[in-house]
Amino acid sequence: MKKIFALPIFLGELSLGVLKSTGQWGVFSLSALANAVYLRTLWQKILYNIYFIGFKSLNIIVLVAFFTGMVLGLQGHYTLIKFSAEGMLGVAVALSLVRELGPVLTAIMLIGRAGSSISAEIGIMRISEQIDALETMNINPIRYLVTPKVIAGFICFPLLTAIFDCVGILGGYFASTLLSSRSGIFFSKVQSSLMVEDVTGGFIKSFVFAFIVMTISCYCGYYTHQNRDSAGAQGVSNSTTSAVVQSCVYVLIADYIITSFLM
Amino acid sequence: MHEPLIQIQNLTKAFGDRVILDQASLDIHRHKITAIIGKSGVGKSVLVKHIIGLIQPDSGDIIFDGKAYSQITAREFSAIKDRCSYMFQHNALFDSLTVFENIALPLREKYRLPKKEIIDRVQTRIEQLELDEVAHLYPKNISGGMQKRVALARALITNPEIIFFDEPTTGLDPIRKKTVFSMIHRYHEKFNFTAVIITHDIPDIFYIAHTVNIIDHGKIIFSGSPVALDQSDNPELFVYTHGHEMLVDDLTKLLNRIALRQKITTWSTEKSTPMHMVSVEMKGLRKLVDFKGHLLGHVFIKNFAKFLQDKLSADVCAGLFSQEVLVLVAKNKDKEWITTTQEQLTDFFTTPGIQQFCQANHLCVQIRGLVGSANTDPLLALKQRLTSRQCV
Numbered sequence: 001m002k003k004i005f006a007l008p009i010f011l012g013e014l015s016l017g018v019l020k021s022t023g024q025w026g027v028f029s030l031s032a033l034a035n036a037v038y039l040r041t042l043w044q045k046i047l048y049n050i051y052f053i054g055f056k057s058l059n060i061i062v063l064v065a066f067f068t069g070m071v072l073g074l075q076g077h078y079t080l081i082k083f084s085a086e087g088m089l090g091v092a093v094a095l096s097l098v099r100e101l102g103p104v105l106t107a108i109m110l111i112g113r114a115g116s117s118i119s120a121e122i123g124i125m126r127i128s129e130q131i132d133a134l135e136t137m138n139i140n141p142i143r144y145l146v147t148p149k150v151i152a153g154f155i156c157f158p159l160l161t162a163i164f165d166c167v168g169i170l171g172g173y174f175a176s177t178l179l180s181s182r183s184g185i186f187f188s189k190v191q192s193s194l195m196v197e198d199v200t201g202g203f204i205k206s207f208v209f210a211f212i213v214m215t216i217s218c219y220c221g222y223y224t225h226q227n228r229d230s231a232g233a234q235g236v237s238n239s240t241t242s243a244v245v246q247s248c249v250y251v252l253i254a255d256y257i258i259t260s261f262l263m
Numbered sequence: 264m265h266e267p268l269i270q271i272q273n274l275t276k277a278f279g280d281r282v283i284l285d286q287a288s289l290d291i292h293r294h295k296i297t298a299i300i301g302k303s304g305v306g307k308s309v310l311v312k313h314i315i316g317l318i319q320p321d322s323g324d325i326i327f328d329g330k331a332y333s334q335i336t337a338r339e340f341s342a343i344k345d346r347c348s349y350m351f352q353h354n355a356l357f358d359s360l361t362v363f364e365n366i367a368l369p370l371r372e373k374y375r376l377p378k379k380e381i382i383d384r385v386q387t388r389i390e391q392l393e394l395d396e397v398a399h400l401y402p403k404n405i406s407g408g409m410q411k412r413v414a415l416a417r418a419l420i421t422n423p424e425i426i427f428f429d430e431p432t433t434g435l436d437p438i439r440k441k442t443v444f445s446m447i448h449r450y451h452e453k454f455n456f457t458a459v460i461i462t463h464d465i466p467d468i469f470y471i472a473h474t475v476n477i478i479d480h481g482k483i484i485f486s487g488s489p490v491a492l493d494q495s496d497n498p499e500l501f502v503y504t505h506g507h508e509m510l511v512d513d514l515t516k517l518l519n520r521i522a523l524r525q526k527i528t529t530w531s532t533e534k535s536t537p538m539h540m541v542s543v544e545m546k547g548l549r550k551l552v553d554f555k556g557h558l559l560g561h562v563f564i565k566n567f568a569k570f571l572q573d574k575l576s577a578d579v580c581a582g583l584f585s586q587e588v589l590v591l592v593a594k595n596k597d598k599e600w601i602t603t604t605q606e607q608l609t610d611f612f613t614t615p616g617i618q619q620f621c622q623a624n625h626l627c628v629q630i631r632g633l634v635g636s637a638n639t640d641p642l643l644a645l646k647q648r649l650t651s652r653q654c655v
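Line order of the protein sequences matches chains A and B.
Counting from 1, one number per residue, gives the positions in the first sequence under the numbering used here.
Counting from 264, one number per residue, gives the positions in the second sequence under the numbering used here.
Hints in this document: simulated from the structure, not taken from any laboratory.
Be aware that a few hints might be false.
What the hints assert, rightly or not - For lysine to aspartate or glutamate, the following EDC-like pairs were computed, each having C-alpha atoms within a straight-line distance of at most 16 Å: (1) B:373 <-> A:135; (2) B:440 <-> B:467; (3) B:344 <-> A:197; (4) A:45 <-> B:430; (5) B:574 <-> B:599; (6) B:441 <-> B:424; (7) B:344 <-> A:135; (8) B:482 <-> B:290; (9) A:45 <-> B:364.
Claimed, not checked - Partner residues aside, some chain A positions facing chain B, computed with beta carbon under 8 Å: (10) 128; (11) 129; (12) 130; (13) 132; (14) 135; (15) 136; (16) 137; (17) 139; (18) 141; (19) 207; (20) 234.
Unchecked claim - Among chain B residues calculated to face chain A with C-beta under 10 Å, some are: (21) 315; (22) 316; (23) 347.
Idealized CB from N, CA, C, for every residue including glycine.
All chains, full assembly: derive it from the sequences and hints.
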């Protein structure tokens, strides 16, 4: 008899767990956003986080953007040449980057570079009672730790996405100069085909991705102690993994939803 | 006595199936030092963490300055937290901040004082706690004892009204332990704050605490002054007041004071043949301990106990009646046992090595026999015999 109900019980518990953590994440995220009203007192921490999330990620973003642009250039040239349309390479590269790859790849790079680090940092603070210490000092831990990171994310993600787009287009241009003597047409096509809506759409995505990545990374670290399967260092390790995986998944889901609205 | 500042009423908390606090009740009085002692893992920290809201109870309530936690608003609770400070067992220092920044954090984040005032106040605490040389270092680069002092400095920096010390001396060397306790005592005298100290340091804490609370099995089993605790004959409390003696008893295999009295009482109620006793009074042993050290006295008792091991059986037990009196108690034995035992003990004390030791340390040994009778209380008879000057 027990075996018959095992599956419904498992599904029920799973659903309740998902609902609970979603609700908790919602409240946590709203609390982080609500604390943005204390911007005046948080600016130093925000600046530090802009340095940590944005500036320290710059080199990896430039590197990845350049090679992504080059690969797009190569693949685009290989495809377009079949239709004798290699002159459209600039359009293909620019639109792919600005509308899609720029925001998504920037988000994924920042998940690996900053999200995992943020989750581990907050997780260690949780297990070593540093967050409890903040609470006993009557310092709001979400305002102290999470809000500056989320605000810094809102600033860094669009800026890095813009850098990714520009460097990626340059990479595509570089690839086109290696492959074709008609590379001069590349930028004129980019200029004529790229609309403001394309850029706006990319920035909307980067804002949403910033919210998703920062809140999930902070949330996973903040609630490390609620991890039922592990504790201590292993708990922090699992939280970090969970932050990276969940952030990636939700970024891709959000990307699809936003794209479908923007189309 | 005035109304308590904090009243913990029937607090119950369980983690999963494990009940940590079971209807625990406790009063914390204003401007007093309250100690909470108990074995590891009995819920001392859990109890105190309820007061500052780090843990929510399953049932029960806390009344802080007349306001019940179950009825106050978040703003009122925040005001309560502003009056408190908490020193964590494992320090909970911010590892990415220097010692100076750690101490300054509450002032910077909560009070937003001018930079100069923050520096002055932190510097004062740093000097008081002898942390000058490590102020620029990160917590991982300083010793455990220093980390403890940094945590203490951080707890004191806001001059709070109530300070919770969660095992403030754990991990410190004996000299620093005494320094920390005397510092808490000194600051308490100076600032008149209310202190709640969770500790294992018995009996050191008894010298500074006004009230001692013992927690066991989720309940407060004793609440009162250290003197009342020390004078208590409750065997459950003996382990807390005479923990160091228990260790000695384990080493010598002699019954401790409470256990010996219990044994005599138990045997006397069995109504078998009368109990006979032989007492060995070692006058000067207390002075030996006082002037030449506890260890020398212990070595002497240990050697004597080793000699006694052969004499003990199911019908004979031995224990320390007081610091200077050892008693051998026998049931189901005849009067001959007293004479034989006295002779054996005399032989022991007249062996050259022991005699030399006794003479060198001015130890005067008196061996007395007490013939039991069915109509007398053996404990009372023993006390009377020991206070009389008559030797057998």
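How the hints compare with the structure:
1. B:373 <-> A:135: Holds, at roughly 11 Å.
2. B:440 <-> B:467: Distance of about 9 Å is within 16 Å: holds.
3. B:344 <-> A:197: violated, 51 Å
4. A:45 <-> B:430: violated, 33 Å
5. B:574 <-> B:599: holds, 14 Å
6. B:441 <-> B:424: With a Cα-Cα distance of about 23 Å, the restraint between residue 441 of chain B and residue 424 of chain B is violated, given a limit of 16 Å.
7. B:344 <-> A:135: Status holds; Cα separation ~9 Å.
8. B:482 <-> B:290: Given pair residue 482 of chain B, residue 290 of chain B holds - Cα atoms ~13 Å apart, limit 16 Å.
9. A:45 <-> B:364: holds, 14 Å
10. 128: With Cβ-Cβ at 6 Å, under 8 Å, it holds.
11. 129: holds, 4 Å
12. 130: holds, 5 Å
13. 132: holds, 5 Å
14. 135: Because about 6 Å separates residue 135 of chain A from the closest Cβ in chain B, which is inside the 8 Å limit, the hint holds.
15. 136: holds, 4 Å
16. 137: holds, 5 Å
17. 139: Status holds, d = 5 Å.
18. 141: Hint on residue 141 of chain A: violated, closest Cβ of chain B at ~11 Å, above 8 Å.
19. 207: Cβ of residue 207 of chain A sits 29 Å from chain B, so the hint is violated.
20. 234: violated, 18 Å
21. 315: holds, 5 Å
22. 316: OK, holds: residue 316 of chain B within 10 Å of chain A, min 7 Å.
23. 347: holds, 7 Å
When held up to the earlier numbered hints, the structure conflicts with 3, 4, 6, 18, 19 and 20 and fits the remainder.
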